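Trainee: Below are the chains, spelled out letter by letter.
There are 2 protein chains.
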Amino acid sequence: MDRLPGFRDFYPEPLPHSDVWSADARQYIFDKWRAAARRYGFREYDGPPLEPLELFTTKSGEEIVGQLYNFTDKGRREIALRPEMTPTLARMVAAHERNYKKPIKWFAIPQLFRYERQQKGRLREHFQFNADIFGESDVAADAELIALLIDTLRSFGLTSKDFVIRLSSRNAWQSFYNDTLQKTAHKGANEYEFFQIIDKLERTDPSEAEKKLSALGFALADVNAFITAGKPTAELEAILTNLAARGLGDFVKVDYHVIRGLAYYTGVVFEAFDVKGEFRAIAGGGRYDNLVKLISAGKVNLPALGFGFGDVVLLELLKARDLLPKFDAKLDVFVLIEDENLRAPSLNLVHNLREAGHTVDYSLTPARPDKQFKRAQELNASFTVKLENASTVRVKNLVTRAEKTGSPDEAPRLLTDC
Amino acid sequence: MDRLPGFRDFYPEPLPHSDVWSADARQYIFDKWRAAARRYGFREYDGPPLEPLELFTTKSGEEIVGQLYNFTDKGRREIALRPEMTPTLARMVAAHERNYKKPIKWFAIPQLFRYERQQKGRLREHFQFNADIFGESDVAADAELIALLIDTLRSFGLTSKDFVIRLSSRNAWQSFYNDTLQKTAHKGANEYEFFQIIDKLERTDPSEAEKKLSALGFALADVNAFITAGKPTAELEAILTNLAARGLGDFVKVDYHVIRGLAYYTGVVFEAFDVKGEFRAIAGGGRYDNLVKLISAGKVNLPALGFGFGDVVLLELLKARDLLPKFDAKLDVFVLIEDENLRAPSLNLVHNLREAGHTVDYSLTPARPDKQFKRAQELNASFTVKLENASTVRVKNLVTRAEKTGSPDEAPRLLTDC
Chain A
-1 MDRLPGFRDF YPEPLPHSDV WSADARQYIF DKWRAAARRY GFREYDGPPL EPLELFTTKS
59 GEEIVGQLYN FTDKGRREIA LRPEMTPTLA RMVAAHERNY KKPIKWFAIP QLFRYERQQK
119 GRLREHFQFN ADIFGESDVA ADAELIALLI DTLRSFGLTS KDFVIRLSSR NAWQSFYNDT
179 LQKTAHKGAN EYEFFQIIDK LERTDPSEAE KKLSALGFAL ADVNAFITAG KPTAELEAIL
239 TNLAARGLGD FVKVDYHVIR GLAYYTGVVF EAFDVKGEFR AIAGGGRYDN LVKLISAGKV
299 NLPALGFGFG DVVLLELLKA RDLLPKFDAK LDVFVLIEDE NLRAPSLNLV HNLREAGHTV
359 DYSLTPARPD KQFKRAQELN ASFTVKLENA STVRVKNLVT RAEKTGSPDE APRLLTDC
Chain B
-1 MDRLPGFRDF YPEPLPHSDV WSADARQYIF DKWRAAARRY GFREYDGPPL EPLELFTTKS
59 GEEIVGQLYN FTDKGRREIA LRPEMTPTLA RMVAAHERNY KKPIKWFAIP QLFRYERQQK
119 GRLREHFQFN ADIFGESDVA ADAELIALLI DTLRSFGLTS KDFVIRLSSR NAWQSFYNDT
179 LQKTAHKGAN EYEFFQIIDK LERTDPSEAE KKLSALGFAL ADVNAFITAG KPTAELEAIL
239 TNLAARGLGD FVKVDYHVIR GLAYYTGVVF EAFDVKGEFR AIAGGGRYDN LVKLISAGKV
299 NLPALGFGFG DVVLLELLKA RDLLPKFDAK LDVFVLIEDE NLRAPSLNLV HNLREAGHTV
359 DYSLTPARPD KQFKRAQELN ASFTVKLENA STVRVKNLVT RAEKTGSPDE APRLLTDC
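Residue numbers (the numbering used here), protein chains in the order written: chain A, -1 to 416; chain B, -1 to 416.
If we strip away everything but chain A, and leave its shape as in the complex, we get:
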């Protein structure tokens, strides 16, 4: 019996097979995400992995609808496994925002699900670091959020040679859209259709793009000229200045290719890319000032912004740049039991060392001394500890080969001294 296509098994390292994933690397990534968010004063939240279908279908634009992992439950409810965290977060914030002082700075590490048409090796789930700020309309919040994204990437050892944040603006594109239509007096398009074409421009054949754009009253040459000029809006200038003040100026550039696919973005948008252009976007986000109002049916109105940062592209990038540590077994102490008459006091020793906070293992059943020592080495133990008799313990540092003896009660202290 095999797992479902598009899902991952996470094993302890060393990995037994190329088809499975590392639970240790996953935890390493989660720890870095959590630490970065906390340094920035973000607090953790989480919501249900299942939500009513309409939370997603009515709010997130056509892009997402066909890709949902949705079904009818036994109570005849239309429900979906969450494809993104933002609608859940907007729902949660709308329900209880009055109890939290603004700005609200929150993060989560949800597992997200999509049911995309089967492509070989394409995953149907991933984990995503989400960080969001609510209640601040000033772009100082956008700068703070982007700084968090940059510093999170930096905490993995990535530098400005490895990644860049491409900064853009829905407002800039909205102005371009309005100005152009005013000039041409063309009608009938909606801006989101136009935004979708821009979003896919880098992956679209020019003649195809030209055709699609002209149908909406735009010329590809004008669009490309706007992108190439890349003139920052006042908002983007303020963000660049803010990030430069932190010493993070090298990590960000204005790039109007970026516009973000989701319908709900309203202001500054951004994506993190590897500089060599070998991978898909590492992370992306932006402002969604209208979403809380939409989700709460008008009851709550709060400016908001956030990003999502997945584990899969990050892992590919860290591997490619040789920045992912190895996570083989690691133990503080292996307790050797060479005399079975000493098993009971040895179990007591094991227990006391664990109580002192050490990671400790031992042979559950009688085994030859050389086999026990081999096991200690397999588990990368730093020390062996052995009862020589009921009143004497011998501690051996397996790196320095130093040894110490003392009473069993002294074992935890001997470990720090040896």
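Think of the hints as simulated: they come from the structure by calculation, not from any bench. Computed from a predicted model, the values in this text were never measured in an experiment. All residues carry an ideal CB built from backbone N, CA and C; glycine is no exception. Each hint can be trusted.
Not the full set, but computed from the structure, chain B residues with beta-carbon under 7 Å of chain A:
{"hint": "1", "residue": "L2"}
{"hint": "2", "residue": "Y9"}
{"hint": "3", "residue": "G39"}
{"hint": "4", "residue": "E42"}
{"hint": "5", "residue": "H94"}
{"hint": "6", "residue": "T357"}
Assemble the complex: chain A is given as a structure, and chain B must be docked to it using the hints.
Mentor: Frame of chain A, contents of chain B only:
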């Protein structure tokens, strides 16, 4: 729009409403679970939250079948949200056990799902600490696993006055079952039907239990006599001795009321209960020596045992015993920006303090000094740090009221000295 019934929203503390859960308390519990497992030399794994339906329906007994959160996906696969971790783990171990030295000691913290008939306030998901050992048939492994469960509970501040492990044995019940049937020459029952009655005995009306038991050829009086005698098998004796050697004898007692509901248990079984008997079982587990073989269609045969330990009853118990800490906002440093001309160098200061590992916040936009200080207090900041001018920083310890000044570069050091 509300969340689905039976699912939880997790908010940062202080909690805004009695109907929501604490993300901070959840993380506190996960951290304790993870730390205890690691001290015992267990390594982390995880599997998909969705699995093929048959992984659960064909393996886990009737008890579970009607309660699954199952559905048909867009690819017409019959799938289910995992109701327990053991079948996934058995699948994963069977697939790659050759690459891991025995005994395999693994743990996970999955979210699990059940679709039980709607009862007010009844949850349809919870998180569960799972720890399992593969490849060791000796009861020394059972003792190691139970010791982990005891020490995990102890790490929350719970003592032998708060909880006890009720130890039992499928083998003991199997012998009772065989011996009784041999005497009465009654036929037609299967043992699992009998085990199910025992499992529910404490919650069943005696006359009802009598009726059900006699239909299978058993007398309630005999069953009760067997339970009351509580004569430990040799296996259980060995476990009691092993735990006593660790100093954990007070935390365990033989109690044949326990038999565990799931079909796949084969040997020693156990459950953790609060001593006062106010709550449902805190945790439970046992041996399932045949499951890996069953899941792998006979390809892999490994003795196995494990426990599951959920977050919901634990939270109730910790609250009732006043052992759950408060997790209000907590910050190392709030940077005050009282002169907007110093915003750029102040952002640089914020950045450098975060680089030094501190949790740091500040006012994103211009605000009156008293409002900034109030915010620092709301966030429970330990220190305020303020640029007096481009070359002088003032650090204030909000607990001791001590102050220090120095150059901005010295700020991280001033924090440790102040």
